[in-house]
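Given chain A, work out where chain B should sit, using these hints.
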Amino acid sequence: MLAALIIVFREVFEAGLIVGIVLAVTGSVPNRNRWIGGGVLAGALAACVVAAFAGALSQLFAGMGQELFNAAILGVAVMMLTWHNVWMAHHGREIAGEMRAVGQAVADGTKSLLALAVVVGVAVLREGSEVALFLYGVVASDGGSALSLALGGFIGLALGAGVCLLTYFGLMRIPPRALFATTTVLITLLAAGMAAQAVAFLERANWLNSLDTVVWDSAWLLSEKSIAGRAMHTLIGYTDQPTEMQLLVYLAVLLVTFLLMRLTGSQPTDRAVAVGR
Amino acid sequence: MTYSRGQFQPGEVRAPADTPITFRVKNLDAKAMEFESKSLRVEKVVAANSEGVINVRALKPGRYEFYDDFNEKARGALTVQ
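Top line first, the protein sequences correspond to chains A and B.
Position 158 of the first sequence, counting from 1, maps to 157 under numbering that gives the first Met the number 0, and the rest follow consecutively.
Position 70 of the second sequence, counting from 1, maps to 69 under numbering that gives the first Met the number 0, and the rest follow consecutively.
Just chain A, same shape as in the assembly:
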């Protein structure tokens, strides 16, 4: 039971962190629970579908279907996160200035919520499909310990939800003004980390093999497999053996986000709205 608990908790942990951050980011947006809840639910359903067809998915692209699928959905998440940041740089001041009730802002807010709901869905999908596969195997195998393993799995799931709540309430303790700056940094690092992870999947699929020399190995300092390592992996994209290409892409995402935010954030409001339409 303990083994099942640990395996499931490890997988759910990352998704829990991401959902917690997104909940904090959208703290003041109306209807956010419906959107984020929808994202989690859609992700969980999709995870079951992916798990059910894991065998078939795996066989695509000469056995590299899993890797390419992961790279693709990570790519989507990176775009959504970056877009959210750029949008916030655009409208963040209005929202902070208690002007969020303005009709246009609410309509735009929904668009940004949709992007974040997609991010949540993708996170749940990625981690959830492995949990679903594992638990399905446990339930399907006729071992007498199946029930206790399944129980361990569900406790692991509950602990993952606990991580999500801890992250959320931790972030909510930050005063509102500082929270905006904090979550912007968090989301940017999250996106860069996901992009670097997508590169790792493309490297495994042999679709990307330039600059694939490992730059350093810091496993002795902080193993990616430890809980602290996993937290850092999700939050800032920490990898104990990054390749040159991973580092390059990581820095590129940080730079592009920064430039896009500077570019859109400094435009006069009236012109920005016209562009937005």
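Possibly wrong hints are sitting among the right ones.
[Unchecked claim] Below, a list of computed lysine-lysine pairs in the DSS-like style, where the Cα atoms sit at most 25 Å apart:
hint : chain 1 : residue 1 : chain 2 : residue 2
1    : B       : 72        : A       : 224
2    : B       : 37        : A       : 224
3    : B       : 25        : B       : 37
4    : B       : 37        : B       : 72
5    : B       : 72        : B       : 25
6    : B       : 59        : B       : 37
7    : B       : 59        : A       : 224
[As the list claims (entries may be wrong)] Pulled from the structure, derived: some chain A residues nowhere near chain B, Cβ distances all over 12 Å:
hint : residue
8    : 43
9    : 54
10   : 82
11   : 86
12   : 162
13   : 165
14   : 167
15   : 176
16   : 257
[As the list claims (entries may be wrong)] Derived, one-sided and incomplete: chain B residues facing chain A with beta-carbon distance under 7 Å:
hint : residue
17   : 22
18   : 27
19   : 30
20   : 31
21   : 40
22   : 44
23   : 46
24   : 47
25   : 49
26   : 51
27   : 54
No lab work stands behind these hints: they were computed from the structure.
Note that the coordinates shown come from a computational prediction; the quantities given were computed from them, not determined experimentally.
C-beta atoms are modelled at their ideal positions from N, C-alpha and C, and glycine is treated no differently.
Same frame as chain A, but now just chain B:
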């Protein structure tokens, strides 16, 4: 290579150095397994009764351990020469 009853078969494999390597792992069990290795930098879920392909870049000579992340009793190693 096959995986059945929670064991890799064979548990020890060899490969030449400085050439990209491909693992083909056939999971014969009714449970999913996850082929994982820190030193090879791979992790891949192989569903029950199916085959997984794992690419590894060209390696320096040495011993590289791998295991099933869903069942850490199942271990094996690749020796590169």
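Okay, the hints, checked on the actual structure:
1. 72(B) <-> 224(A): holds (17 Å)
2. 37(B) <-> 224(A): holds (9 Å)
3. 25(B) <-> 37(B): holds (20 Å)
4. 37(B) <-> 72(B): holds (16 Å)
5. 72(B) <-> 25(B): Within the cut-off at roughly 18 Å; holds.
6. 59(B) <-> 37(B): Holds. Residue 59(B) to residue 37(B) sits at ~15 Å (cutoff 25 Å).
7. 59(B) <-> 224(A): Between residue 59(B) and residue 224(A) the Cα gap is close to 23 Å, so the pair holds against 25 Å.
8. 43: For residue 43(A), whose nearest Cβ neighbour in chain B is about 17 Å away, the distance exceeds 12 Å, so it holds.
9. 54: Violated: least Cβ distance 4 Å, not greater than 12 Å.
10. 82: holds (29 Å)
11. 86: holds (34 Å)
12. 162: Since the minimum Cβ distance to chain B is about 20 Å, residue 162(A) lies beyond 12 Å and the statement holds.
13. 165: holds (25 Å)
14. 167: Since the minimum Cβ distance to chain B is about 28 Å, residue 167(A) lies beyond 12 Å and the statement holds.
15. 176: Holds: least Cβ distance 41 Å, greater than 12 Å.
16. 257: holds (29 Å)
17. 22: violated (10 Å)
18. 27: Cβ of residue 27(B) sits 13 Å from chain A, so the hint is violated.
19. 30: Constraint on residue 30(B) satisfied, holds at 3 Å.
20. 31: It holds, given that the least Cβ distance between residue 31(B) and chain A is near 4 Å, below 7 Å.
21. 40: holds (6 Å)
22. 44: holds (6 Å)
23. 46: With a minimum Cβ separation of about 4 Å from chain A (threshold 7 Å), the hint on residue 46(B) holds.
24. 47: holds (6 Å)
25. 49: holds (4 Å)
26. 51: holds (6 Å)
27. 54: holds (5 Å)
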